[in-house]
Amino acid sequence: VIGRRPNPRAVDVYLAVGVLAIGLYFVLPADSVPQTVAYTVIGTYGIVAVLVGARRNLRGIERRVWYLFAAGLIAFVVGDTIFDAYAVGTGDVPFPSVADWIYLSAYPLLFAAITIMVARFGRRRIRIALIDAGIVTCGFVLAQWVWVLAPTAHIHEDLLDRSILIAYPAMDILIVAPLAGLIFARSARTASYVLLALAIVTLLVADEVYYGHGVNYRWLDAFWLASYVFWGAAALHPSVARLAAAPEEAAPRLDLVRLTLLGAAVAVAPVLLAVQTARGRDAHPYAVAGFGVAISALVLTRVASLVRAFDALHAAERRARLDAEASHVALIEQNERLRELDRLKDEFVGLVSHDLRTPLTSISGYVELLESDETGPLNEEQRSFLAIVSRNADRLLTLVNDLLFVARLQSGNLDLDIAEVDLAELAEHTVAAAAPRADAKGIALMLECGNGAIVLGEGGRLSQLLENLVSNAIKFTPEGGEVSVRVGANGEAVVLEVVDSGIGIPEEERQRLFERFFRASTAVARQIPGTGLGLHIAHAIVGAHGGRISVTSEVGAGTTFRVELPPATVKAEVRA
Amino acid sequence: MTAPILIADDEDDILGLLRLHLTRFGYEVVAAHDGEEALRLALERRPVLAILDVSMPKLDGLEVTRRLRQDGNVPVILLSALVQPSDVERGLEAGARAYLRKPFTGAELREQIEAALA
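The listed protein sequences correspond, in order, to chains A and B. For the first sequence, this note's numbering begins at 1 and goes up steadily by one. For the second sequence, this note's numbering begins at 1001 and goes up steadily by one.
Errors might be hidden in some of the hints.
DEER-style ranges, computed between Cβ atoms [stated by the list, open to error]:
| hint | chain 1 | residue 1 | chain 2 | residue 2 | range |
| --- | --- | --- | --- | --- | --- |
| 1 | A | I388 | B | A1107 | 15 to 23 Å |
| 2 | B | P1057 | A | T531 | 28 to 36 Å |
| 3 | B | R1045 | A | F518 | 49 to 57 Å |
| 4 | A | N451 | B | S1086 | 36 to 44 Å |
| 5 | B | T1105 | A | F518 | 30 to 38 Å |
| 6 | A | N451 | B | R1069 | 44 to 52 Å |
| 7 | B | S1086 | A | H429 | 21 to 29 Å |
| 8 | A | R391 | B | E1028 | 28 to 36 Å |
Covered by chain A, per the in silico footprint, the following chain B stretches (three or more residues, Cβ under 8 Å) [stated by the list, open to error]:
| hint | segment |
| --- | --- |
| 9 | 1012-1023 |
| 10 | 1081-1091 |
| 11 | 1102-1108 |
No lab work stands behind these hints: they were computed from the structure. These numbers come from a predicted model, not from an experiment. Note that beta-carbon positions come from the ideal geometry of N, C-alpha and C, so glycine has one too.
Whole structure, please, built from the sequences with the hints as guidance.
This is the structure in structure tokens:
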């Protein structure tokens, strides 16, 4: 049965039918058999709804709580039916009768059900609710005692009779206490919650008017009947499943309902004293004093717990602030350490650069002397061996220079020495210098130069950029391929393109191409040596000149690097 | 006897390389292994030019350059594996005519020497 989708519309239909039935009840002749039957039918209607709703919407202990409600309501209906049977049959209702026992037994059942429901919200969560409920209950008990119980206490001589008579209003106290707890334990109110509270309140109002005045007004039946119908609606509404869930808020809000109820409870003692004195009746000073003290004590407890909660909040806030300050200090220290690390790294890179350069100076220097026939003529083989040593020394030097450059980039001090630079002229030099390498691989290296390729920048850095792009193109182009360098201007920018017919770069790697130490898988797979610094440096140089670099490529067909730099005629924004 | 060129470097290999180059260019050479020796030889031998390494024991190349510039007008070429722009700046501030980065080629060395002696 559980798992069938509850239909909220069913509740509306149920309520409409219930209201119609109550209307019909008042159309029927007063105290007639049909009206008596109608009363029992409407009560049964509510009870059936409670049972159906509990079965459909709830399980476990939550369902059993609603079975308890149903049991209580059944006791009411059975008791009432017996009373009515006496009234219709003999015209006289004996007191006390079995109906009184059955009727009264309903209250403990309802009390138990509401109490279990509230207790299931969790002890910690309902602490404040219990104090508030205590205050309201004390107020109610005091009023009930002075205005209802004390005046009826002397009606019957017989102790048992008197006790049973007093038991009715006393039973209401039994309901008020957990009802107040239920109301105060939750601020978030679902439809089912409101319907249940309404059912209990209508029951209590009807009871109180009846006991207080000792008269069974006909319209009171509407309240009792409505109570049954509301009870059933509360069980039928799908939100009943959420009723048992613990309240979300740790401390309930001080809303209007709570304030009104608490205010009324606190006002009971003084109002009662004034009213009774004004009417010249017994003011019950001991009861007023006793309950006054109880209410005051509860209010004090409540205030104390509020102050304690406030203090705790305050302390937590102070702790949080101290924590925040401490972490701020830690952050500053960490920054300091990072700066120190950065400085150490720069120092280290500088040191490595220096210590690598010193032996390289000897290697290159002495090789140069040998190659210049300083120590006698060399044969071809010796000369080619020395060329290998020289080339590798150069490679090592390039690596050292690149590392040093990247370290400078990272510390952010790439200062440009700005001048007007003819990019075409630089390209000619670069191509001329790279020609031997291209020839060695049988690569056709071509240069196309247009006019007006003048930029503002540092010649040395732009040469480095060209050299990086051209040597990459040669490196990644197989023997017999082509590399062309194009320099020109298109009015908006000076454009440099380096086009090769090389191995290409997979699309998914092009984004990462300019990252430090990144190497394309195509390069790694072919064991083409490199450090993954060249393009990172090229990107940084282009960036420092206020330009941009882009790449288009097809794996196996070739790659084109395109650099756009602001022309010298434009006031270029060059990052210093 | 013509006035020599003073060379100073704590690395014998570099010192030897400089000596070979300079001899090939036709200059007299006097060599020092540290800054103090360089200063002493500068006083004794009155060189026409000093080619000094920057990182040397006892007295570094920058300090030697400063003192040489104070006492006379011997031109100084600094030679160093410290190649950051800030290093070059410091060298020129100390009074060096030129700052040659290691590793260097014979042609670069010759060019700087001829420029300094011109």
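Against the structure, the hints:
1. A:I388 <-> B:A1107: 15 to 23 Å: Because 21 Å falls inside the window, the suggested range holds.
2. B:P1057 <-> A:T531: 28 to 36 Å: Taking Cβ atoms as reference, P1057 of chain B and T531 of chain A lie about 34 Å apart, which means the hint holds.
3. B:R1045 <-> A:F518: 49 to 57 Å: Holds: the Cβ-Cβ distance is about 55 Å, inside 49 to 57 Å.
4. A:N451 <-> B:S1086: 36 to 44 Å: holds (38 Å)
5. B:T1105 <-> A:F518: 30 to 38 Å: holds (33 Å)
6. A:N451 <-> B:R1069: 44 to 52 Å: Between N451 of chain A and R1069 of chain B, where Cβ atoms are some 47 Å apart, the hint holds.
7. B:S1086 <-> A:H429: 21 to 29 Å: Holds - the Cβ-Cβ distance for S1086 of chain B and H429 of chain A, about 27 Å, lies within 21 to 29 Å.
8. A:R391 <-> B:E1028: 28 to 36 Å: holds (35 Å)
9. 1012-1023: holds (count 5)
10. 1081-1091: Held - the segment 1081-1091 of chain B has 5 residues with a Cβ nearer than 8 Å to chain A, which meets the minimum of three.
11. 1102-1108: holds (count 5)
In this structure, none of the earlier numbered hints is contradicted; all agree with it.
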